[in-house]
Amino acid sequence: MANLENEFILIAGSIYKKTEKAFVDRAHNFTRALTKSILDAEGGLVVYLAGEPLNESGDPLTFDWTVVYEAEKLSANYVPARQLKIITSDLAMREKMTEEKRKLIRRLGALKFAEIIYVEDDLITGGNIGDEQVEVATAMIALGGGKGVSDRARKMSKRKLPILPFDLQLGGFSDDGQGALGLRGNFLRDPLSMFPVTGEQVKRELDVLSLQEPIFGLNELAERSVSLFQAEREAEQASRTPDVLILTALSVELAAARLAFGIQDGTPHRRSANSIHFWTTVVEKPGGPVSCAVASLGSAGNVNAASITTQLLSELKPKMVLMMGIAAGMRTKTVLGEVVISERVVYYEGAAALADGVLAARPEMQKPGMSIQQDLSTYFSGGLLSERLQERATTLGFTMPVESPAGEVASKLKVSPATIASGEKLIRDPELFASLRSQHDKVCVAEMEAYGVVDACEKQNVPALVIRGISDFGDSSKDNTFHKVASEAAAIVAIDYITHGWSRT
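Every number in the working numbering is 363 more than the matching position in the sequence shown, counting from 1.
Everything labelled a hint here was simulated from the structure, so no lab data went into it. Check the hints yourself; a few may be wrong.
What the hints assert, rightly or not - Derived pair list, reagent style DSSO-like, types lysine-lysine, alpha-carbon separation capped at 30 Å: (1) LYS847 / LYS696; (2) LYS384 / LYS459; (3) LYS380 / LYS518; (4) LYS730 / LYS847; (5) LYS648 / LYS680; (6) LYS696 / LYS775; (7) LYS399 / LYS475; (8) LYS730 / LYS682; (9) LYS682 / LYS523; (10) LYS648 / LYS777; (11) LYS518 / LYS475; (12) LYS380 / LYS475; (13) LYS566 / LYS384; (14) LYS518 / LYS566; (15) LYS696 / LYS841; (16) LYS566 / LYS682; (17) LYS464 / LYS475; (18) LYS381 / LYS436.
Said to hold, decoys possible - Here are the simulated distance ranges between beta carbons: (19) ALA663 / ARG587: 45 to 53 Å; (20) GLY414 / GLN627: 47 to 55 Å; (21) VAL765 / THR741: 50 to 58 Å; (22) ASN366 / ASN667: 21 to 29 Å; (23) HIS632 / THR862: 52 to 60 Å; (24) ARG603 / ILE578: 29 to 37 Å; (25) GLU568 / GLY664: 42 to 50 Å; (26) ARG725 / THR604: 36 to 44 Å; (27) GLU383 / ARG457: 30 to 38 Å; (28) ALA663 / GLN737: 25 to 33 Å.
Glycine included, each C-beta is placed from N, C-alpha and C at the ideal position.
Please put together the full structure from these sequences, using the hints given.
Encoded structure:
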């Protein structure tokens, strides 16, 4: 189902008083279908309520009251969240509405299903009403109408908000312009003026969305319209500077990240100025969506990791970086399939060459800043963490193997903080691995890119974390068997941390 949370759609338009009744009925029935589809998608609607002009048959010539009556009828199906933004005035309430209509508005406000926005009586003009509507609307649908509809569309276009005009030949109440039909012609000439990101794709849908000669039922047309607005929102969010940059090194890690973050095969990648491939996506999070970019370092090693990270930071300017993938874990300290998040990263290669061939270790270390430390503390304290991870694993079809000849396997998907040793060695020697604890006694994980990433981020003042799934024990049992499992486990934790752990600043 489409999701339009925090979106408010203005259905702008009117009907000429002598328009054929079949078209009048179709327009109002479509408005009712749109209202339901928008509310089902957790979106809202913007209306102006005053008098309700009627034709000789008693049919309404505008759509605002049609929206309100349908929303009120459906309101019991939704948790009240001010889904309607009602623009009106004291004068309109007193002189242009019946007592029944006034009570309806106040009832919807009292139930918190509507927010009522009053315009001062001496400021009520068509232009000012349009300004108030456009101020709170995030998208517009045009049906019939004249200059008023064109004016609202012009104002929406200036704000780079989507406008979807329909071809139903309704005329307009004032009969002073082309309204939606004129906007439709503009759409065909310049689609990006109506849908600033997905205009070309929407242009190809216009014939399919015909109301004049419909090939779908009105409910299907309404659902398709709502989906277009969602696609525009997602594309617009994805085109922004990403909130979070997710980095991987190996192709199996990139595949796991794309799976967890919903980036389908065939989704075109974008290309940085230095030809680094990356994909954009949006993660829904309490408080608003998070735009993400997913990229690969292309090869192992801290030097390469630092270089690629620096390039992407300079171009994409993310607010945070997550490095995710696989790593070796100490046999007595970790289990296969377990996921760790870096509480510190120790670069163990630094040393001084002393006399008689003696090497004195001079490690370097990076710890997350205070804000990330606080986020981690809150994240790990949450009682629902384990349950959420299992739900995500089930949704993605992830299962943990029961056993492995290499050693102990995690009984379920779990995550914990850890100290990670990062260097240039692919470790298959348990004695060398154990010796790393002489540089920091909490080291229990080893890999080859983390320090390059976090050091590059520290130099540009961008918070960074490393999330690793344990794929082997850094000894002779090391093979590729657990690469996919550990990569997918790390990716599941990465998206869960973005959603429930990271506090955007």
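### Message
Under the constraints set out in the numbered hints, which ones does this structure not fulfil?
### Response
Violated hints (numbers, rising): 12, 16, 21, 22 and 23; every other hint is consistent with the structure.
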